[in-house]
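Asks: Start from the sequences, fold in the hints, and give me the full structure.
Keeping their order, the protein sequence lines are chains C and B. Heads up, the first sequence is in the numbering used here, so the first residue is 29 and it goes up one at a time. Heads up, the second sequence is in the numbering used here, so the first residue is 134 and it goes up one at a time.
Hints may contain errors.
Part of the chain B face toward chain C, derived, beta carbon under 7 angstroms [stated by the list, open to error]:
1. Pro246
2. Leu247
3. Ala277
4. Leu278
5. Ser313
6. Arg315
7. Leu376
8. Lys378
9. Asp428
10. Ala436
11. Arg452
It should be emphasised that the hints constitute simulated quantities derived from the structure, not laboratory data. Glycine included, each C-beta is placed from N, C-alpha and C at the ideal position.
Listed below, chain by chain, are the residues.
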Amino acid sequence: MDVVVCCKLVPDLVEELEVNEAGTDLDWAAVRWVLNEFDDHALEEALLLKESTGARVTVLVPEADGAEEVLYTALAKGADRAIRLTGLPPGAGSRALAAAFSQVLPSVGYDVILTGVQAVDDVDGQVGGLLSGMLGLPYVGVVTGVEVDWQARRAVVRKEYAGGVVEELEVDLPAVLGVQSARKPPRYAPVSKVRQLMREGKAEALPAELPAVPRAAVRRVFRPQTDRRAQILQGPAEQAAAQLVAILEERGLLRR
Amino acid sequence: MAEVMVFAERQGDSLAEVTYELLAAGRQLSEALGCELSALLVGPGAGGLASGLGSADVVVCAEDPQLAHFTPDGTLQVLEAAVQERSPRLVLLPSTSQGLDLAAPLAARTGLPLVAYCRELWAEDGVVVARSQVYGGKLMVEVALPERGIACLLPGSVSAEAGRAPGTPRVEFLSVPAVSARARFRQRFEAEAGDVDITREDILVAVGRGIGDRENLSLVEELAEALGGAVCASRPLVDSGWLPKNRQVGKSGLVVKPKLYLAVGISGAPEHLEGMKDSELIVAVNTDARAPIFDVAHYGVVADLFDFLPALTEAVRQRKG
Numbered sequence: 029m030d031v032v033v034c035c036k037l038v039p040d041l042v043e044e045l046e047v048n049e050a051g052t053d054l055d056w057a058a059v060r061w062v063l064n065e066f067d068d069h070a071l072e073e074a075l076l077l078k079e080s081t082g083a084r085v086t087v088l089v090p091e092a093d094g095a096e097e098v099l100y101t102a103l104a105k106g107a108d109r110a111i112r113l114t115g116l117p118p119g120a121g122s123r124a125l126a127a128a129f130s131q132v133l134p135s136v137g138y139d140v141i142l143t144g145v146q147a148v149d150d151v152d153g154q155v156g157g158l159l160s161g162m163l164g165l166p167y168v169g170v171v172t173g174v175e176v177d178w179q180a181r182r183a184v185v186r187k188e189y190a191g192g193v194v195e196e197l198e199v200d201l202p203a204v205l206g207v208q209s210a211r212k213p214p215r216y217a218p219v220s221k222v223r224q225l226m227r228e229g230k231a232e233a234l235p236a237e238l239p240a241v242p243r244a245a246v247r248r249v250f251r252p253q254t255d256r257r258a259q260i261l262q263g264p265a266e267q268a269a270a271q272l273v274a275i276l277e278e279r280g281l282l283r284r
Numbered sequence: 134m135a136e137v138m139v140f141a142e143r144q145g146d147s148l149a150e151v152t153y154e155l156l157a158a159g160r161q162l163s164e165a166l167g168c169e170l171s172a173l174l175v176g177p178g179a180g181g182l183a184s185g186l187g188s189a190d191v192v193v194c195a196e197d198p199q200l201a202h203f204t205p206d207g208t209l210q211v212l213e214a215a216v217q218e219r220s221p222r223l224v225l226l227p228s229t230s231q232g233l234d235l236a237a238p239l240a241a242r243t244g245l246p247l248v249a250y251c252r253e254l255w256a257e258d259g260v261v262v263a264r265s266q267v268y269g270g271k272l273m274v275e276v277a278l279p280e281r282g283i284a285c286l287l288p289g290s291v292s293a294e295a296g297r298a299p300g301t302p303r304v305e306f307l308s309v310p311a312v313s314a315r316a317r318f319r320q321r322f323e324a325e326a327g328d329v330d331i332t333r334e335d336i337l338v339a340v341g342r343g344i345g346d347r348e349n350l351s352l353v354e355e356l357a358e359a360l361g362g363a364v365c366a367s368r369p370l371v372d373s374g375w376l377p378k379n380r381q382v383g384k385s386g387l388v389v390k391p392k393l394y395l396a397v398g399i400s401g402a403p404e405h406l407e408g409m410k411d412s413e414l415i416v417a418v419n420t421d422a423r424a425p426i427f428d429v430a431h432y433g434v435v436a437d438l439f440d441f442l443p444a445l446t447e448a449v450r451q452r453k454g
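Replies: Set out below in structure tokens:
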């Protein structure tokens, strides 16, 4: 009854992203790393499975600035094991990361592998789908809820489609599931508890070899040119609001 | 057989709109590469739908009755068999809920490189070049596929028109060993109807992560009330449980085309833009002047929401009397 959550850290989009001088990659030294938001939902779904079925939850995170925070936050939320994957440089790509996960997962042990359905930097694919192909396991993505029958070795998952349509699928275990959103919003962990666990130093480390994976050669990384920029209404709030009201009125959008 | 192969996504008994976009992109590539364009059509009735894929040279059908419903694992088995048998130069898939379940596993199983979230694809001297839109639309990554590969196209990136060209493609049937899907369809739930149908509202005030705290939603509700519109939201707010699913705009939510779409604290991730870019008038309010939402908005206000929203609500109320 092992649920493993494979997480990745991604550049925080709140910060300005800097492209390197050659224009071929991000300037990794300037990046602030945060947990992929979908992985936070994958972790929440794993913790819900722990609560409902007694599963053991293990979290895997590749080494980077911010990884410790993610590992100990996961432990504070209720994960049983937190493992830092060492040996992967920043910007290795989702496929290399998936290959690294596939190296260590057999020794970690798994029945259900959860990942976030996608991440903002998945140029070369999504970790969950890639991982399933590498491990020869079935995959379902865009998942919004998981229930597991451990005895029958089956999961029942809800998968989302455009327009709010949802389908229920039955999946043989072990399987990889790409989580879009957990059944409940991700829980918070008290900072004091995270700090306390950090002092106890319970997180483990596992080395991974940087794998060689097929990857399309990057020619350049650039900010998109747009041909349609909004006309910005200037001035303090009241002034901009007055301009906007005039525009709405002119278009007949302020009828009573 | 160096062909460009398109995965023809179905919606039940018809073809998904994105399929024609894939065919349009695939047609251009196959002509530039000097090869054929094939379309893989999976499930019972595939042969009957093949005539709708006129812009392809050949439609490859796999009619296994087990594939009556899309199942990620079953469809993947067929797709992999087709790729093994036909060795396409490029496989084109949609960046949709179905495509997301197929592309990455296919890449790993076949060892082919994958480019996700493509906005543009073209060929230069036999090399396929793709532009992938990543980092929430803030950056584009241009990559080259000199040899075989897989690309996922974001819906809405190319005009579907060229993909609808009439024609009479050859129809071939793929012989696949009996599919044994490890993920099986159980049941389908249509979108839940709620108190408000945001696809029918003339005025929508859309709220995103920039609103900060749940308590601040009242600012947006007051503005919507003053305007006589409804509140909708981007995915993160719905995932957080702040607003119900039937208020979600975007790729995994609803597509809306109101007369006024006022986006508040929404940065404008591609998945969100997909659901609202055809609104008649788009106004965006955001603190970040570089937010992608300003690329689709007609008017923008770069301001602190907590100053601007009350000012706008007040101004609307005064004007309406």
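Asks: Name the hints, by number, that the structure is in violation of.
Replies: 5 and 7
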